[in-house]
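S.K.: Chain by chain, the residues:
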Amino acid sequence: MTTLLQRRELLVAGIGLAVSWRAAATPAEMDAAILDFTGGAPVREGKIGFEVAPLVENGNTVPITLSVDSPMSASDHVQAIALFNSGNPQPQVALFRLGPRAGKAIVSMRMRLATSQKLTAVARLSDGSHWSRTVDVVVTLAACVEG
Amino acid sequence: MARALINMPTTARRAEVIEIRTLISHPMETGYRRDSDGALQARDILRRFTCRYDGEIVFSAELHAAIAANPYISFHTVALASGVISFSWEGDNGFAQTESRTLAVT
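Sequence order for the protein chains is A and B. Per the numbering used here, the first sequence starts with residue 502, numbered consecutively. Per the numbering used here, the second sequence starts with residue 882, numbered consecutively.
Treat the hints as calculated values from the structure; they're not laboratory data. Check each hint, because a few of them may be wrong.
[Stated by the list, open to error] Interface residues of chain B toward chain A, partial, derived using beta-carbon atoms under 8 Å:
1) Ala-883
2) Ile-887
3) Pro-890
4) Thr-891
5) Val-898
6) Tyr-934
7) Phe-940
8) Ala-942
9) Ala-947
10) Ile-954
11) Phe-976
12) Ala-977
[Unchecked claim] With the Cβ distance kept under 8 Å, some of the chain A side facing chain B (calculated, not the full set):
13) Arg-545
14) Val-553
15) Pro-555
16) Val-557
17) Thr-562
18) Asn-589
19) Val-594
20) Arg-598
21) Leu-599
22) Gly-600
23) Ile-607
24) Val-608
25) Arg-613
26) Thr-616
27) Lys-619
28) Arg-634
We treat Cβ as the ideally placed atom computed from N, Cα and C, and that holds for glycine.
Turn these sequences into a full structure, and let the hints steer you where they fit.
M.R.: Below you can see the structure in the form of structure tokens.
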């Protein structure tokens, strides 16, 4: 019985090692990265459109479109949109800087996903307010972090 | 020179919002992958993308390792006047490339 328990403990320890070796960003690191972007300003949910497939077959290239509900005028526009993730090795994905000359606050790109995780987009508007949107994505084939 | 694709209209009406789609061939090696010997492969990514319209920055992006290989970025800009729109990518190992396209505004 004791040997069985030890085996189980070993198994659990092994899983723990495997997880730490992957060196994924933790949700706490993602929160820290978001705080770094907002500078501690309050973040409200809303205004952001986040297009991504909820079930991703190939994590090596995942199309994402971010949009912000904004007239993009000189007095009321989006200054920046930042994208963060909770499960890749680094919490930051990309930071887009826009202005009234962008015309529309719509940005598309393709990212990697190492595992199923949460993605958070945060937008900074010209009035200093911050808005966020978080989505969960499930990945069936992860991007090759291990190579 | 890396192969870059830029898809945007060549003509636009004044004040029209045009979509610009860009793609550049680049491995975006994350620096977290190991080769067959178990050694970490050195990071080689693009860090910055900048779009200038007649010299003025209208859109820019800071990229990290989570961006997929051959970075694709699409965005918009307002067609103000006929001119040159330039696209610059900068990255590790001194990578720098600039492409330009002309836009005729009527």
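S.K.: If a hint holds in the structure, say so; if it doesn't, say that too.
M.R.: Cross-check of the supplied hints:
no.	hint	verdict
1	Ala-883	16 Å, violated
2	Ile-887	14 Å, violated
3	Pro-890	13 Å, violated
4	Thr-891	17 Å, violated
5	Val-898	4 Å, holds
6	Tyr-934	7 Å, holds
7	Phe-940	6 Å, holds
8	Ala-942	5 Å, holds
9	Ala-947	4 Å, holds
10	Ile-954	5 Å, holds
11	Phe-976	17 Å, violated
12	Ala-977	19 Å, violated
13	Arg-545	24 Å, violated
14	Val-553	13 Å, violated
15	Pro-555	18 Å, violated
16	Val-557	12 Å, violated
17	Thr-562	4 Å, holds
18	Asn-589	5 Å, holds
19	Val-594	4 Å, holds
20	Arg-598	5 Å, holds
21	Leu-599	6 Å, holds
22	Gly-600	7 Å, holds
23	Ile-607	6 Å, holds
24	Val-608	5 Å, holds
25	Arg-613	5 Å, holds
26	Thr-616	12 Å, violated
27	Lys-619	13 Å, violated
28	Arg-634	17 Å, violated
Violated hints, listed in ascending order, are 1, 2, 3, 4, 11, 12, 13, 14, 15, 16, 26, 27, 28; each of the other numbered hints is respected by the structure.
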